[in-house]
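Participant: Fit chain B to the supplied structure of chain A, relying on the hints for placement.
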Amino acid sequence: MAALYEGYTLCGLIPDQSNSSSGIDGIEEERDSDHVIVTDSNRSVTLYKVSDQKPLGSWTVKQGQTLTCSAVFNSITNEYVVVSDHKVIRIWKEGDLVLDKTFKATVKADIWKVHCAAGGQPVVLFRRGAVRHLEDLLSAPQQPIEDVLAEDEAIRWSTSIVVEAQQFVLFTTELGGENFFYLQRLNPNSLHKYHLEREEPGLLPLSVSASYKDEHISLLCLYPNGFLYRSLISVRGPALDGAAQAPLPLPRSRVMSLPVGEGLLKAASVLFLDDSHIAAVGAHHPSAGADFLCIWNINFQTLQAGKEMGGKIYGQLWSYSNKFFIPHGKRLSVIPFSCHKSSLASALGKLRQTRPEESKCPTFVPSWNNALHEEKAQLSKTGETRKTRSTRKTQPSVSLTAEQVLELIKTAPVEEVQKEVEELLSRQDVQDLQLQLGKLVSILVCRSQADPKFYTHGTFVQLVESKFLCHSVCPDLLPLALERKDYFLCQICLLFFPDIPEALTCSCLKAFICLPDVDAEKMSLEPDSVSFMDALITQEHSQDDLQNGFSPSSRLEDHSNTVDDQQMREGREKSAAIQGPVCPVGSHKAALLNEILQTAYSDTFLLPHLKDLCPQHVLLFLQYLHFLYLRYSQDTLPQAHSLRAPSLQQIMDWICMMLDAHFTVLVMTPEAKGFLLNLHGFVRSQVKLFSELGKIEGSLQELQKMKQKQDVRQYSIEVIEIF
Amino acid sequence: MGEFMVHRVRFFDYMPSAIRAMAFNAGTQRLAVARADGAVEIFNFADNYFQEKVIPGRSGRAVEALCWVGGRLFSAGLNGEITEYDLEKLRPRYSVEAYGGPIWTISCNNQGTLLAVGCEDGTVKMFEILEERIQFQRNLDRQKGRIISLSWHPSGARIAAGMIDMIRIFDAKTGHATHRLLVERGLGTTRNTEVVVWSVAFLSDDTIISGDSAGKVQIWDAATGTLIRNHLITKWDVLALSVSQDQSSVIAGTSEGTVVQFQALASTMGQENSQWVRTRTFKNHSHDVRALVHTDTAVVSGGMDTQLVVRPLLDKVEKNTRESAMRKILFPHRNLVCCAKKAGLLLFQFPDHLELWRLGESNMQGQPGDILPVMKKPEKLLQLQNKGDDHICCSAVSPCGGWVAFSTVSSVRLYKLQLSNGNISINKVSKLPKELHSVYQLCFSSDSSRLFASSAQASVVVASLDQLQCRHLHTLKPKSGSSQPIHLLSPSENGKWLAAANTDGQIHVFNLHKLKLHCTLPVYSSCPTAIAIHPTTGHLLSAHADQQIFEFSLKLKEYTAWSRSLQREGLHPLWLQRDTPITHITFNANKPAHVFLHDLFMFCIIDQSLPLPQARKKLYNQMDLKTRSPQERMQESHAFKICKMFQHLLSVDLLDNSSLVVVERPLADIVSQLPPPVRQKKFAT
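Residue numbers (the numbering used here), protein chains in the order written: chain A, 1 to 723; chain B, 724 to 1408.
None of these hints come from the bench; they were simulated from the model. None of the hints are false.
When the alpha-carbon atoms are kept at most 25 Å apart in a straight line, the in silico BS3-like pairs for lysine-lysine are as follows:
id: 1; chain 1: A; residue 1: K330; chain 2: A; residue 2: K266
id: 2; chain 1: A; residue 1: K54; chain 2: B; residue 2: K958
id: 3; chain 1: B; residue 1: K1349; chain 2: A; residue 2: K705
id: 4; chain 1: A; residue 1: K485; chain 2: A; residue 2: K410
id: 5; chain 1: A; residue 1: K213; chain 2: A; residue 2: K611
id: 6; chain 1: B; residue 1: K896; chain 2: B; residue 2: K867
id: 7; chain 1: A; residue 1: K705; chain 2: B; residue 2: K1367
id: 8; chain 1: B; residue 1: K1064; chain 2: B; residue 2: K1151
id: 9; chain 1: B; residue 1: K1110; chain 2: B; residue 2: K1154
id: 10; chain 1: B; residue 1: K958; chain 2: A; residue 2: K49
id: 11; chain 1: A; residue 1: K439; chain 2: A; residue 2: K410
id: 12; chain 1: B; residue 1: K1367; chain 2: B; residue 2: K1341
Since we're looking at a predicted model, the values are computed, not measured.
Excised from the complex, chain A in its bound form:
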């Protein structure tokens, strides 16, 4: 999610007479993220410390001279570079007080701009398209500069990018209504020329922004009709000089269409923030006016954050290290923002796992809290039990001590082991024995692993059900159960262990999904969970359920544009309407899966493991989750179901997580298409609902205010009733 924070003013502006431009030529980052240099269109360059909102230094050229490009900071030499009167390059350091006394060099051709990408050398872009390193140029200032561009071709926008020590200069030009994009590579030099596709005649790009990721430069173009296009250019292209050849066409895809209000956009600007977020200024806020700075998520096409900017917006926007610099009205504001990677899981709901069940089935596994804070209580308790144990010892007793049992189980046959453990567990002071029980389980597990014939199902079940164990005490028990296909043991382990690692949860999930339904039905599982699932599956389906404002019929209308699927989907829709949601798995398998849904997890650890599942299984699992969801959302279902039932929240979390983990795979899987469309329709209707709710939020707040406003007077006579 992205957020805009409270902004502050960096400096005031002096807009020109017509109030059409902000008076700021450019803002560049200085030595660190807290310093910027601002070039204004008059004659001065000012260095600001952003967090202090105060200027640290300012340099001005003489009357009659003008600055023709924004100043840049060369972080390698700690020098500032600016161009005055198109041809004069000026270089100075922070200590220099008067600009006129510093280094000057006059070159032969008009300069368009000086660029200095972070970590790169300054590069000079000439008005006619030639590019030089500043160093090379200064070694021979009077060198001839070639013309790259045609006679009337004019540069509209330019930037420079450094990719793995390779420096690129990017610029767009305009020639007779056509737009071209040039990619100039430096050292070795090569130039590529691309032809930007034409938008409607007469529409030229309003704003261009470039970013680099995965060996591709992506170019973002905003047109006055609000359409935002993205083009990808590979930087690993052939190194031959393409400028002489005919311009290559540059394919583009529409990313989104920003709301424009009435007419066309006049001054607007977009910036890439990360893969999925852009910032736009000058475009309209969907439910308010035009003077907004907005962050959009281009994946979900949702507005993430918006902030109203007072005064006129000039369509200029810079962003350095999570701060926007935006001139508006009569000031230049700095607005910090944050932009986290969004996942569907976080967009839709909760990530944390709550386990209300924990309170219902108390385990005796000591928690750190208890260990630290109830030390005293524990001490007294152990003291007491020790006494009882010593008194017991004096009595003639048939039961063995824990140590003896430990010895015994190393060799004894299954039946005897079972008997002894049972006796041990039936003792009163069993809480004391927790450590011994852990030891006991690990011995049994070791023995089972070593000896394929030895397996004490009953004993394990008894021990786990005693609730004295946790996964950390016997880390091999659950893998062993999986290995021996003892799914009942797996189920109760999942139920009683609070600390199963996510990797193991995932392997359980995998094992459960792979399990054929026929085998599953034969298994004896925890009866409560199975009966719950049976009830759920055989339940009557109510015909006209609305899922929070979403009905299957509206879903049909949403997708009527994709004609090829429609018939197929209609068919399915009908059958679904008749039969209701069909459970894709048997009740036993479902009971096992339910245990998975209820385990505690943290999604950062779980997600990588989830990726191991194959698409068919993922789809099956998702279908099952979807079935559960549909069942739960019918209000006919009694809310107070058994302890073994997963909560709606858990189901939603798992759906989101599965989608996050496998989205790309699922998109490619043809069988998943219908399912995904269904989900998409559902999410869309939810988003719609919430946006509608958002719209009336203001009026609701007003209602609340009205209520409070009543009593401000000095005196009133009221009637009250006391009951």
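Facilitator: Here is chain B on its own, set in the frame of chain A:
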């Protein structure tokens, strides 16, 4: 229960005065608080922080410092006098001129034999504390510049004095200055302004801690005169310091309204040499923290924003108990409003004047929740300005509205009012009996024919009122005398009884027909905060500082059955957790079972015919009952009907026409009258 027409009054613009100084007596658990108007208040920390006594202020008496010596309370101020207070007669006992210009500080040595005051002229003056008075002993070496703060070494051999730009250490025996500790000025533009050492503390291990106007708390070694540690805690002034009894913790109050705690902690576990480390910051004030007290369990702070805040240190008290809750004492624990029930008048008491208002009227009827249109606006009938410098300590208006009386420490004034179709005439009763000269509490009988005044030695003066005449009838005296002042008086409706309560917790009931003591109630450990006699049953109801309620039958001279059942079943825990005392009790003549009482945050109608609330039931159940049907209401309802609709209540009273009068003083109104707080730079402003 029924509907009430409520006169909601917010025009009593009472403004509490800023807190200037505090002193805590750990032996008696009493806190003395001096306010900017010269008033001194005594709070009993052992009895729920109840404000037991108020010594009224006096214009021109600016108390700058307070000091307990045993059970005696001394103050000093910018008028250059040292004053000892008579805590029984609630007035200054005597004042001694120190002849050193304004006095900034006063401090007593641990032995309780000497009192040191710091004067404007640069002298530290020593006074010997004698049985009945204090006597000047000598001056210490005179310094240039005023003495702002003083602190005795616990041994009594040395004194540290905070001055401008420095701290001086004096030898108490010879009177010579032995050390001069130079205090650094602030940085930047404040470098040119002198730094004032607002507060010093001299610890027994020869450490001096100082707080100054440059925002520093500094730790000094008194033996060598060197600076050990410097804590810059604010951009503004550090105004007050207070040391805990065991000298392991020091708190400092700043102009920003924060209180910062420092603790002497060993840098590594188990080692002896401890360092002063800044540990906690409390922000409970919006303005200067002028006075601080570090009790064993709590930080008590007060300042410009007039609130007294008791902030318990959570490592010293048990969690989730009464002691662990923070207390803010905003308003006096006594009535400043007197209501003439028959005439519908309100008398507001200010330190230097009284205001008499007539309530408005409305001829409409309305549904519950309605605000009725006001046909006749409330009207200020009278503003009585007090003559002289002494502030008003008590006042009363008679139920018929025909008499107004008030008293200062030196005199009582009585006025006869006549209201006739809009015209008001006022006549001062010129000749008052000589018994009425210094009283603590005044009240009129219900037929307005008698004036009762509590006087010295727990006696009550009864005077009869007639056409512009006031005659002394009798002075009622309890048999066994507590010399504590009577702070509550309550006559019965039928004129037969008069109940009087004093701060020792004794409640005496006098028979006014026979003019003698009828009975004395069993003394309860907590001080009564409100008493009243029921008009029909003749039961005396008393509310106490620990929130207990008792009902005593005057006929049978024993606690009533209701009172016994209340004690047996216990009050609801939420009731006991309230932190402001009940300040007024009244009854509804039409419904004898109903008792009206109120504290600062709620008013409550106790229906004695209904069952008492069980601990597991909801105490504040008005909202629940509202939604129930009448039958369910009957089952659900309990005796305590609490209404929290009105907050910061200074008075709730029932007029004779069964309409309620509530006087609110919203905190926002008080805050808006405070001076602006020190400017604090907030981010991006």
